[in-house]
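A.B. asks: Read top to bottom, the protein sequences are chains A and B. Residue numbers for the first sequence, in the numbering used here: 1 to 233. Residue numbers for the second sequence, in the numbering used here: 1 to 289.
These aren't lab readings, by the way, just hints derived from the structure by calculation. Possibly wrong hints are sitting among the right ones.
Stated by the list, open to error - No farther apart than 25 Å at their CA atoms in a straight line, the calculated lysine to any residue pairs in the SDA-like style are these: (1) A:156 with B:195; (2) A:156 with A:126; (3) A:209 with A:13; (4) A:156 with B:55; (5) A:209 with A:219; (6) A:156 with B:54; (7) A:209 with A:15; (8) A:209 with A:69; (9) A:156 with B:57; (10) A:156 with B:65; (11) A:209 with A:220; (12) A:156 with B:59; (13) A:156 with B:197; (14) A:156 with B:167; (15) A:156 with B:128; (16) A:156 with B:196; (17) A:209 with A:194; (18) A:156 with B:179; (19) A:156 with A:127; (20) A:156 with B:60; (21) A:156 with B:185; (22) A:156 with B:198; (23) A:209 with A:127; (24) A:209 with A:75; (25) A:209 with A:11; (26) A:156 with B:193; (27) A:209 with A:22; (28) A:209 with A:61; (29) A:156 with B:64; (30) A:156 with B:61; (31) A:209 with A:126; (32) A:156 with B:67.
As the list claims (entries may be wrong) - A few chain B residues facing chain A, derived, Cβ under 8 Å: (33) 4; (34) 5; (35) 46; (36) 89; (37) 104; (38) 128; (39) 165; (40) 177.
For every residue, glycine included, the Cβ atom is placed at its ideal position computed from N, Cα and C.
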Amino acid sequence: MHHVVLDQWSRGSSPLHRRDPRAKIISLLVLLIVLATATRGLPLLAVSFAGILCAVAVWARVPLGGVLSRAMLVLPFTLVFAAASWIGGDPARGAALVLKAYVSALGALVVVSTTPLPMLLRGVEMLGAPRFLLMVAQFLYRYLFVISEQAQHMRKAAAARGGSFRSAAGALAILFARSYEQAGDIHRAMLARGFQGRFQPLSTPHFHKADVVFLLLGSTAPIVVRAALEQFV
Amino acid sequence: MHIPDGFLSTPVWAAMDAAAAPAVCLIARRAQRGFDESKAPLLGVMGAFVFAAQMINFPVGLGTSTHLVGGALLAFTLGPAAASVVMAAILAIQALVFQDGGILALGANTFNMAVLGVFAGYLPYQLWGRGRARRAAIFAGAALSVLTSAILALSELLLSGVRMTAAMLGVSLALFVISAMAEGAISLAVIGALESIQPGFVRQPSMQRSFALAAVALVAILLVTGGVLVASAAPDGIQKLGQAHNLITTPLSGYQISLLGEGWLAKAGAGVAGLGLVYGACVLMGRKR
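Bound-form chain A, shown alone (with noise of 0.2 Å):
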């Protein structure tokens, strides 16, 4: 499955790869926000910052041509209202809707092809969200291979069987009924190794000097970058 391959990318070892994954977090949502109430100068704006990611996605080691053409994913859903602007007689307001899209979605990929997903959910805990529903999205990621691969099964033996509304129904309910099952199994499993309702990680992420530094030059790049081309433009 291709989304494997942002697990490779995330497990490198680039000095942003070892940085603490709140700084990373902070950072990404300051770009976020700069760019998403830019009004004056966006294609200059955007266009930076696109090229600030991609020098960023460089230094990390990360493959670039990959990063650029899976930020792409966005685009057919943009690309259709972008043309509703267009034929309504807004072409600046279409572009703007692509120009946005896409180098956000460059950001936050920066982002997760150089944090281990496990990281950046536990950076996402440390900044204040509510743990329970970051473990069961843990265990979603954990399981979401497992499950989509019987999934693809029951397609193929319920395409075998006609195809039917009633078959794709059946096949349904039986990957539910497999995937509570599965559950209990997991869950029992986990208990007997001495699972205690939450992850035990095997080290704390500690914020380093260095990530300091990182959290400063990241959340103030954006906002001097914006300041900047505003004076100019």
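Position chain B against the provided structure of chain A, taking the given hints into account.
C.D. replies: The following block gives chain B in isolation, referenced to the frame of chain A:
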């Protein structure tokens, strides 16, 4: 409908984030009470099930097919609070790993699909899920769930100044109704098949009337009604209204009126302060467990 970043105007995404964060915190605590923390594996695996269920196609005629959205099905089987948590986790993973939906728009997407979509879908089941109208309640709940989320997303887009012609609005509303019907039919068929495997999978609606549930569902339905009105009115009119009152900034309106002049740092400061307040409230709420 997963809204990417860049579509919603700042007041819309900020308001939705501010509304979704405490709502998700509260619902997560409630689901935790009903399921205790050790049941996180169950909810996670069922989230993976909803994800994987999208691979199984349901033929709906004319050579097209559709798939399960799942919010209502989860609400009928795990209960609305747990279903809401599972859907929120799905949306987070979709935004992070699959670039499906934006990060700043996560609040809006969560509110549309995980909070109001799930609770609005559960309301008919809670009201009529016991009697003879049970099948109708399941169908209506699942359809309402999809319709609520879709119309909320559409009205948020229109409020943000995304242009759509009247014809496009009509087509998308028709598509929403069709996919809502499909979701109703799929959920009904899957529930039927599930009950023949093991009746215990499907929850009976609780006897006690839940005030919170009714309140959330009512808000959802009111918002949807408002959304329909928004969608049926000319979108340009709303945009003008917003600009006249300086309530709604549209992505490129600054080219003409330059809302963000010298004062944008002050505005940003106020915004950050507001976000800080919401954040503090959420941390406080999450602390007590």
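A.B. asks: For each hint, tell me whether it holds in the structure or not.
C.D. replies: Results for each hint:
Our distance criterion of 25 Å between C-alpha atoms is met by residue 156 of chain A and residue 195 of chain B, whose separation comes to about 23 Å. Simply put, residue 156 of chain A and residue 126 of chain A have alpha-carbon atoms about 42 Å apart, too far for the 25 Å limit, and the pair is violated. Distance check on the hinted pair: residue 209 of chain A and residue 13 of chain A sit about 18 Å apart at the alpha-carbon level, within 25 Å; holds. Using a Cα cut-off of 25 Å, the hinted pair residue 156 of chain A and residue 55 of chain B holds, with the two alpha carbons roughly 10 Å apart.
Taken as a hint, the residue 209 of chain A and residue 219 of chain A pair is honoured in the structure, with Cα atoms around 15 Å apart against an allowance of 25 Å. This hinted pair checks out: residue 156 of chain A and residue 54 of chain B have alpha carbons roughly 14 Å apart, not beyond 25 Å. The suggested pairing of residue 209 of chain A with residue 15 of chain A holds, with an alpha-carbon distance near 13 Å, which does not exceed 25 Å. This hinted pair does not check out: residue 209 of chain A and residue 69 of chain A have alpha carbons roughly 34 Å apart, beyond 25 Å.
Note on residue 156 of chain A and residue 57 of chain B: the hinted pairing holds, with a Cα-Cα distance of about 11 Å set against a maximum of 25 Å. Proposed proximity of residue 156 of chain A and residue 65 of chain B is supported: the alpha carbons are some 15 Å apart, at most 25 Å. Proposed proximity of residue 209 of chain A and residue 220 of chain A is supported: the alpha carbons are some 17 Å apart, at most 25 Å. With a C-alpha separation of about 14 Å, the suggested pairing of residue 156 of chain A with residue 59 of chain B holds against the 25 Å cut-off.
A threshold of 25 Å between alpha carbons decides the hint, and for residue 156 of chain A with residue 197 of chain B the separation of about 21 Å falls inside it, so the pair holds. For the given pair, residue 156 of chain A sits about 39 Å from residue 167 of chain B by alpha-carbon distance, which is inconsistent with the 25 Å threshold. Taking the CA atoms of residue 156 of chain A and residue 128 of chain B, the gap is near 36 Å; set against the 25 Å cutoff, the hint is violated. For the hint linking residue 156 of chain A to residue 196 of chain B, the alpha-carbon distance of about 22 Å falls within 25 Å, and the restraint holds.
Of the supplied pair hints, the one linking residue 209 of chain A and residue 194 of chain A is violated, its CA atoms being roughly 36 Å apart against a limit of 25 Å. Taking the CA atoms of residue 156 of chain A and residue 179 of chain B, the gap is near 24 Å; set against the 25 Å cutoff, the hint holds. At roughly 43 Å between alpha-carbon atoms, residue 156 of chain A and residue 127 of chain A are farther apart than 25 Å, so this suggested pair is violated. At roughly 18 Å between alpha-carbon atoms, residue 156 of chain A and residue 60 of chain B fall within 25 Å of each other, so this suggested pair holds.
Between residue 156 of chain A and residue 185 of chain B the CA atoms are separated by roughly 22 Å; this keeps the pair inside 25 Å, and the hint holds. About 24 Å separates the Cα atoms of residue 156 of chain A and residue 198 of chain B, which keeps this hinted pair within 25 Å; it holds. For the hint linking residue 209 of chain A to residue 127 of chain A, the alpha-carbon distance of about 18 Å falls within 25 Å, and the restraint holds. Of the supplied pair hints, the one linking residue 209 of chain A and residue 75 of chain A is violated, its CA atoms being roughly 38 Å apart against a limit of 25 Å.
Proximity of residue 209 of chain A to residue 11 of chain A is assessed by CA-CA distance (about 22 Å); at most 25 Å being required, the pair is judged to hold. With a CA separation close to 19 Å, the supplied pair residue 156 of chain A and residue 193 of chain B stays within the 25 Å bound. Only pairs whose Cα atoms come within 25 Å are accepted, and residue 209 of chain A paired with residue 22 of chain A is accepted, the gap being roughly 13 Å. At most 25 Å may separate the alpha-carbon atoms for a hinted pair to count; residue 209 of chain A and residue 61 of chain A meet this at roughly 22 Å.
Between residue 156 of chain A and residue 64 of chain B, the direct Cα distance comes to roughly 17 Å. Compliance with the 25 Å bound is thereby established for this hinted pair. For the suggested pair residue 156 of chain A and residue 61 of chain B, the alpha carbons sit about 19 Å apart, so the restraint of at most 25 Å is met. With a CA separation close to 18 Å, the supplied pair residue 209 of chain A and residue 126 of chain A stays within the 25 Å bound. Proximity of residue 156 of chain A to residue 67 of chain B is assessed by CA-CA distance (about 15 Å); at most 25 Å being required, the pair is judged to hold.
With a cut of 8 Å, the hint placing residue 4 of chain B at the interface with chain A holds, because the nearest CB-to-CB distance is about 4 Å. For residue 5 of chain B, the shortest C-beta to C-beta distance to chain A is roughly 3 Å, which falls under 8 Å, so the interface hint holds. Because the closest C-beta pair between residue 46 of chain B and chain A is about 6 Å apart, less than 8 Å, the hint holds. Contact between residue 89 of chain B and chain A, as hinted, is supported at the beta carbon level, the nearest pair being about 4 Å apart and thus within 8 Å.
Residue-level restraint check for residue 104 of chain B holds (minimum Cβ-Cβ distance to chain A is 5 Å; threshold 8 Å). Below 8 Å, beta-carbon pairs count as interface contacts, and residue 128 of chain B has none with chain A, the closest being about 22 Å; its hint is therefore violated. Here the hint on residue 165 of chain B is kept, as its CB sits about 6 Å from the closest CB of chain A, short of 8 Å. Because the closest C-beta pair between residue 177 of chain B and chain A is about 19 Å apart, greater than 8 Å, the hint is violated.
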